[in-house]
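Number of protein chains: 2
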Amino acid sequence: QVTLPSLAHREVARALAAEAAAAVPLLPSAVPVDVADFRNSAGTAVGTLDVRRGEPASSIDFMLHSSLHCKVPNGAIDITSVLIFLNALTDAPHFLMEFIQGSPTSMVVILDLLPRKDLALHPEYLQKYYEHTHLDKQREKIEELPQTRPYRSPSLFVRSACSPTAVSVTIDCGQGGEGTLEEIVCGHLASAVKEVLQIWLHSCARDTSEMEEAEREIMIKRDQVVRSKSIEVDLTANLPRMFGPDVSGHIIAEIRKTFGVQLQEA
Amino acid sequence: QVTLPSLAHREVARALAAEAAAAVPLLPSAVPVDVADFRNSAGTAVGTLDVRRGEPASSIDFMLHSSLHCKVPNGAIDITSVLIFLNALTDAPHFLMEFIQGSPTSMVVILDLLPRKDLALHPEYLQKYYEHTHLDKQREKIEELPQTRPYRSPSLFVRSACSPTAVSVTIDCGQGGEGTLEEIVCGHLASAVKEVLQIWLHSCARDTSEMEEAEREIMIKRDQVVRSKSIEVDLTANLPRMFGPDVSGHIIAEIRKTFGVQLQEA
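Note that the protein sequences, when read in sequence, are chains A and B.
Following our numbering, the numbering of the first sequence begins with 1 at its first residue and continues without gaps.
Following our numbering, the numbering of the second sequence begins with 1001 at its first residue and continues without gaps.
The set of hints was computed from the structure by calculation and includes no laboratory data.
Check before you lean on any hint, since a few could be wrong.
[To be verified] Which residues of chain A face chain B? A few of them, derived with a C-beta cut under 8 Å, are:
1. F157
2. A161
3. V225
Where a beta carbon is used, it is the ideal one built from N, C-alpha and C, also for glycine.
Take these sequences, add in the hints, and give me the full structure.
Shown next, in the form of structure tokens:
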């Protein structure tokens, strides 16, 4: 039976999730066994999903950590995500990290503090969370690597939801570049990911914000749109192809529950 | 006395402004003579500024067309902009084009339909003006050129104000590449610019939108922030260095008047 292969990027994500879990108030893991660990009937795809809710009265909504592995005709695709989302006690950005590895020598990296307000309407928010934290330096460090080039999500919505400091790159080390990719993942990438987590822990995770009720309502609506659209773009477009309708339906329902965006019919 | 040198990019902008002016209802030019044409006392910098307001009751606020030329120690910098901004009768995007040429072989291009709503909160707006118009294809065509690489504005605010389909590139043709740059400007760039203008004329320029009053108020506030910040980032940071405080103060005051963001003290 197929198992999750060990990969440098997966180890970086594991270490990051552990570091985050030690620093923010989380309840124990709360997903059913068949969601924590799942596979398709053909034995070509396997995945894990861990969700921990934030402690009551904290500003943490949840931490989600998932790993997918799926054999494809010429190899395999491995996707690892760590999301830490905040609730409406704060307007501070969410933490988002996603690695999509399509070959042993190349991968896509998305790393961002997801804004929860319209940055063009709220320059003071941009200043507080993005300028004063020097977040853009982490993006610069990654983009300086000769193996990286910008990655544009095909979804204009995903691009719109990201901050202007988002790392969104393809790292491509070319033929024979397996070792180079591993070095970059364990070196530059691991340290950028750690730095961004530190910035988030320091400026966002413990933040609570005074907000006017009207402002909070817009933020809650915006959060709902971003959560629903990302499930639509990311999961409902891809999981069924990998795991078939039954398994993927079950997993997507769990993620919808976590995100608080259940379907009417669910 | 220094004059505006003829440059391929300036000709492209002139043709574009003429095409736009023939297609949208504009009043005659309305800037004082010393704003239409200005220079610094040292004779190292020269500029032109033309502003035409939209006809009353139209959704056009103004068209601004400016050209700057400034000698610097190792050559000259030439900046040409065409902005066509809409008023609050519509929420359709503004048209924005800016060329910044720092040498005979390289230049920065910014070309966008500037959104007037928070795209992450309004996916239907994103769909209407950006997805359905296939605007992203124009960005792709420019970025496919081997001489281009992404340009990131140092201002996070400018990056936040642009759409996810914005062309924002450096075109660098390297040593001896004067002819190549001219070819790209008159070929690929001129046609992308024309296409984007056509999209804007077709989907935005004649659009009027039903909006709820609260929505319109947010849009008006957002417009004000974007206009003020772009004057701050773009003009007050650069013009004084090029033209000295007196000339630049006079020009900036005129642009503030056009943008409808006058200073309290003005």
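Evaluation of the provided hints:
no. : hint : in the structure
1   : F157 : 6 Å, holds
2   : A161 : 5 Å, holds
3   : V225 : 6 Å, holds
The structure agrees with every numbered hint stated previously.
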